[in-house]
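Between the sequences and the hints, there should be enough to build the whole structure, so can you do that?
Residue-level listing of the chains:
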Amino acid sequence: MVLGNPENRRGHFFAEAAAKAGWNRIIPVSWGSFLRSEEVLEDALCADSVLRIESPGEDFEVERQLMQLGYEAILSEPGFASIPPEKIRVLIPDNGQILPSRQWFHGWSKTLRQLEKIIHRRSCVPMTSPCEIARMFDKAACHHLFQKQGVSTPRLICEPEGFDSLMESMRNSGVRRVFLKPCHASSASGVMAFEIRQAGMQAFTTVEREGDRLYNSLRIRRHQHIQEIRTIVDAICRHRAIAESWLPKAGFQKGRIDLRMLVVAGESGQAVLRQSSGPMTNLHLGNRRGDLVAFRERLGEPQWQAACAICRSAAATFPKALHAGVDLLISPNLRSFAVAEINAFGDLLPGIEYEGMSTYELELHRFDGWLTANSNPPLSHVSTNGR
Amino acid sequence: MLSKAGYLQKEHMINEHNSEWMGYPVKPFVPEETVSDYKNTLYRIGVNWDDNRSLVDLLACFLENPASVDTPGIILGSFGESDTDPTPAVEALVAARSRLPHLKGLFIGDIISEENEISWIQQTDLSALFGAFPALEYFRARGGNGLVLGRISHGNLRSLTIESGGLPRGVIRDVLASSLPALEHLEIWPGTEDYGWDGSLEDFRPLFEAPLFPNLRYLGLRNSTISDELAAAFGSAAVFENLHILDLSLGTLSDEGAARLLESPTVKLLKGLDLHHHYLSEGMMAKILESFPFANVDDVETPDDWDGESHRYVAVSE
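As you go down the protein sequences, you meet chains A and B in turn. Per our numbering, the first sequence starts with residue 1, numbered consecutively. Per our numbering, the second sequence starts with residue 1, numbered consecutively.
The reader is advised that the hints may include incorrect statements.
[Stated by the list, open to error] Below, simulated SDA-like cross-link-like pairs (lysine to any residue); rule was C-alpha separation at most 25 Å, straight line:
1. A:Lys254 with B:Val300
2. A:Lys87 with A:Arg213
3. B:Lys27 with A:Gly300
4. B:Lys27 with A:Cys46
5. A:Lys254 with B:Tyr218
6. A:Lys117 with A:Glu195
7. B:Lys271 with B:Asp304
8. A:Lys254 with B:Met22
9. B:Lys104 with B:Glu81
10. A:Lys254 with B:Ala128
11. A:Lys254 with B:Pro25
12. A:Lys148 with B:Asn52
13. B:Lys27 with A:Leu328
14. A:Lys117 with A:Cys46
15. A:Lys254 with B:Phe294
16. A:Lys110 with A:Arg177
17. A:Lys254 with B:Asn52
18. A:Lys254 with B:Tyr138
19. A:Lys254 with A:Glu161
20. B:Lys271 with B:Val300
21. B:Lys27 with A:Lys117
22. B:Lys271 with B:Tyr138
23. A:Lys254 with B:Glu16
24. B:Lys27 with A:Ala306
[Unchecked claim] Chain A is faced by these chain B residues, among others (derived, beta-carbon under 10 Å):
25. Glu20
26. Trp21
27. Val30
28. Arg44
29. Gly77
30. Asp83
31. Ile112
32. Ser113
33. Trp120
34. Glu202
35. Glu282
36. Ala286
37. Glu290
In case anyone wonders, no lab produced these hints; they're calculated from the structure. Predicted, not measured: the structure shown is a model, and the values here were computed from it. We treat Cβ as the ideally placed atom computed from N, Cα and C, and that holds for glycine.
Here it is as C-alpha cells:
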C-alpha cells in the first residue's frame with residue numbers, strides 16, 4: 001500500500017521498482033482521499049500489509065488540507081504566522097509562496113499521529129514509522145537528537161524570535177556567520193545564509209518578500225542593507241526557525257560541494273555530490289550534480305568511509321525508518337564532517353545507482369532483511385508475494 | 001558580481017583551494033597527521049572549522065618539526081573568523097626566517113569564498129617578508145583590505161601576484177616603484193571601486209612608459225573595471241620587449257579595448273593573450289581569434305541593462 005500523491009513521480013518510480021522486484025499487489029492511496037476520509041486507507045489495510053508513506057508534496061490541495069488541520073494547534077502559538085480556515089479555503093496556488101510552515105507542520109504531525117493509530121489498529125507494517133517521519137521534519141528536534149547521540153552537526157546557536165534576538169545570540173556566542181533555517185521546511189525553502197562583520201552585514205537567500213508574503217525564488221539574492229535583512233529574518237522566524245553555525249563548504253572543480261547520501265536499512269546506499277556557485281547547494285536552484293567518482297578519489301578512501309559512517313550513525317538515530325537521506329557537510333580541508341540535515345523523503349534521486357539499483361529498488365531489496373532484524377515480534381510469515 | 005536588483009549572478013568565485021603551487025602539490029596541514037614530506041609538498045596552514053587554535057599556533061605547530069627547514073614554501077589559508085588579519089602569523093614568519101633557509105614561495109591568503117569572500121579578507125602589512133626571505137622567488141597575496149607591500153627591493157623575486165576585489169592604489173604605486181630585476185611574472189587584480197579600488201589608469205602609467213621589469217614574460221592586469229584603458233595603454237606601449245603573455249581576463253574588456261589590442265605592434269609579438277571573462281561582441285571575438293589564434297576568449301559576458309545604461313562587472317569582487 002502506497003500513501004502518496006498520484007501526480008508525483010515518486011510513486012511512479014516506486015511502482016517501477018516494485019514491479020521489477022516482483023511485488024505484484026501495490027495499492028496506491030492518495031493523500032487527498034486519505035485526508036478526506038481515513039477509512040479509505042484503514043479499510044484497505046489488513047494485518048501484515050506493508051505501508052509505504054510517500055511525500056505529501058507537490059499537491060496544492062493536500063497542502064491546503066494540512067494547513068486546515070494545523071490551524072487549531074497554531075492558535076496556541078501566537079508568535080508564529082498562521083492562516084485562518086476561511087482564508088485557506090480561498091487560497092490559490094501561488095508559485096513559490098511560502099505558507100506558514102509551523103501551521104503546516106501541526107497539520108502534518110496530526111496526520112502522522114492518525115496514521116500511527118491506524119497502523120497499530122490494523123497491525124500492519126510501515127516502511128518508516130510515522131512518528132519518526134514527524135521527527136525528521138523538525139530540525140530543532142533533530143539537532144537535539146544528534147547531539148545526544150554524538151552525531152556531529154553545525155553548532156546550534158538559537159531559536160530566534162526575530163532579527164534582534166538573532167543578533168543578540170550571535171553576539172553572545174561570538175559567532176559571525178549563521179544559517180537561518182525554518183524548522184519544518186525542506187529544499188532550502190526559506191533558508192538564509194547570514195554573516196556580519198565590523199563594516200556591515202550580508203545575507204544570501206532565495207526568499208523574496210512581497211508585502212507580508214514570502215516567496216521562494218529559484219535564484220539566490222544577496223542583501224546588504226540591515227532594514228531588508230531585518231524584515232526577512234523576522235518573517236522567517238515567524239515560521240519557527242533555528243540558527244546554526246555556517247560552516248564553510250569544501251570546494252571542488254570550481255564549485256562548493258556537499259554530499260547527499262541515502263542510508264537504506266542502516267547501510268550506505270546511493271550518493272550524490274551537490275555542487276553550487278553560491279551558499280546553497282540544493283539541486284533545484286540551478287545547481288548541479290558534481291563528479292562523485294573524482295571527488296571520492298580526491299577525498300581518499302579512509303575519509304570516504306568516515307563520511308559513510310557518520311551518515312549511517314545519523315540515520316541510526318531513526319531506527320524505524322527504512323531509508324533516510326542525509327545531507328553531509330565537508331570542511332574545506334576535507335578532514336571534518338557534519339550532518340546538515342536528515343530527510344524522510346530523501347530518496348528521489350533519479351538516475352543515481354548503487355550496485356546497479358535505483359533508490360527504490362535498493363529499499364525493496366533490503367526491506368525483508370531489515371524487517372526481520374527490526375520487527376517485534378518477528379514476522380516470519382511475511383513474504384514478497386501478494387502484498 | 002552584483003546587479004542593482006541584488007541577484008547573485010553566476011560568477012568566477014574563488015571556490016577551490018589550489019591543489020598545486022610553484023609546481024608542488026598542495027595539501028592541508030592537519031596537526032594530528034604527520035607530515036611525511038616537507039621537501040616536495042606544500043602545506044596550507046589555515047584555521048579549520050572547529051579549530052580552537054589560532055593561525056599563529058598552527059604555524060608554530062608546523063614549524064615545530066625540525067624537518068620543516070626543508071619546506072620550499074609557506075601557504076597561509078584561512079586566518080580565522082571573518083575580520084581576523086594575519087599580523088601575528090606574519091610576524092612569526094619573519095621571526096622564524098633563519099629556520100626557513102630554502103623558502104622559495106610565500107602565499108598569504110589561500111582563502112576560498114565560502115571561508116571568507118575576497119573583499120572581506122583582512123590583509124596586513126606584508127612588507128617585512130621580502131627583507132626576511134632573500135631567497136624568495138614567488139610571492140602571492142589574496143585580499144586588498146589593509147594590504148601593504150611597501151616598495152620592494154629584492155634581487156630574486158621572479159613572480160608577484162596580488163589578487164583582490166578592490167586594491168588600494170598605494171599598493172600599485174609601491175609595486176611600480178619597486179626594484180625587482182628578476183621579475184618575470186607580474187599579476188595584479190585592481191578590482192572595483194565598490195570594494196576598495198581607489199585608483200585609475202594614472203597609477204599604472206609608470207608601467208607603460210619605462211621598462212620597469214626587463215625580464216617580464218607575463219603581465220596580468222586582471223579583474224579590473226578599467227580593462228579597456230589598460231588595453232589601450234598596453235597597445236601603445238613600447239616597453240615590453242620580452243613579454244610573452246598578456247592577461248586581461250576577469251575584467252570588463254569591451255570592443256573598444258580589444259580594438260586597441262588589434263592595432264598594437266606589441267601584441268603581435270605575444271605568444272599568449274588571455275581575455276576570458278570579457279564583453280566583446282561576436283564580431284570582435286572573431287577578429288581577435290583571426291589575428292591571434294592562441295587567444296583565450298572564453299566566458300562571454302553580457303552587460304546588465306538598468307537605468308538605460310549598460311553595466312559591466314568584474315568577475316571577482318565579493
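The hints, checked one at a time:
no., hint, in the structure
1, A:Lys254 with B:Val300, "holds, 18 Å"
2, A:Lys87 with A:Arg213, "holds, 14 Å"
3, B:Lys27 with A:Gly300, "holds, 13 Å"
4, B:Lys27 with A:Cys46, "violated, 59 Å"
5, A:Lys254 with B:Tyr218, "holds, 24 Å"
6, A:Lys117 with A:Glu195, "violated, 45 Å"
7, B:Lys271 with B:Asp304, "violated, 33 Å"
8, A:Lys254 with B:Met22, "holds, 20 Å"
9, B:Lys104 with B:Glu81, "violated, 28 Å"
10, A:Lys254 with B:Ala128, "violated, 33 Å"
11, A:Lys254 with B:Pro25, "holds, 18 Å"
12, A:Lys148 with B:Asn52, "holds, 22 Å"
13, B:Lys27 with A:Leu328, "holds, 22 Å"
14, A:Lys117 with A:Cys46, "holds, 14 Å"
15, A:Lys254 with B:Phe294, "holds, 24 Å"
16, A:Lys110 with A:Arg177, "violated, 35 Å"
17, A:Lys254 with B:Asn52, "violated, 28 Å"
18, A:Lys254 with B:Tyr138, "holds, 24 Å"
19, A:Lys254 with A:Glu161, "violated, 37 Å"
20, B:Lys271 with B:Val300, "holds, 22 Å"
21, B:Lys27 with A:Lys117, "violated, 55 Å"
22, B:Lys271 with B:Tyr138, "holds, 22 Å"
23, A:Lys254 with B:Glu16, "holds, 6 Å"
24, B:Lys27 with A:Ala306, "holds, 19 Å"
25, Glu20, "violated, 13 Å"
26, Trp21, "violated, 15 Å"
27, Val30, "holds, 6 Å"
28, Arg44, "holds, 8 Å"
29, Gly77, "holds, 8 Å"
30, Asp83, "holds, 5 Å"
31, Ile112, "holds, 5 Å"
32, Ser113, "holds, 8 Å"
33, Trp120, "holds, 6 Å"
34, Glu202, "violated, 27 Å"
35, Glu282, "violated, 25 Å"
36, Ala286, "violated, 27 Å"
37, Glu290, "violated, 30 Å"
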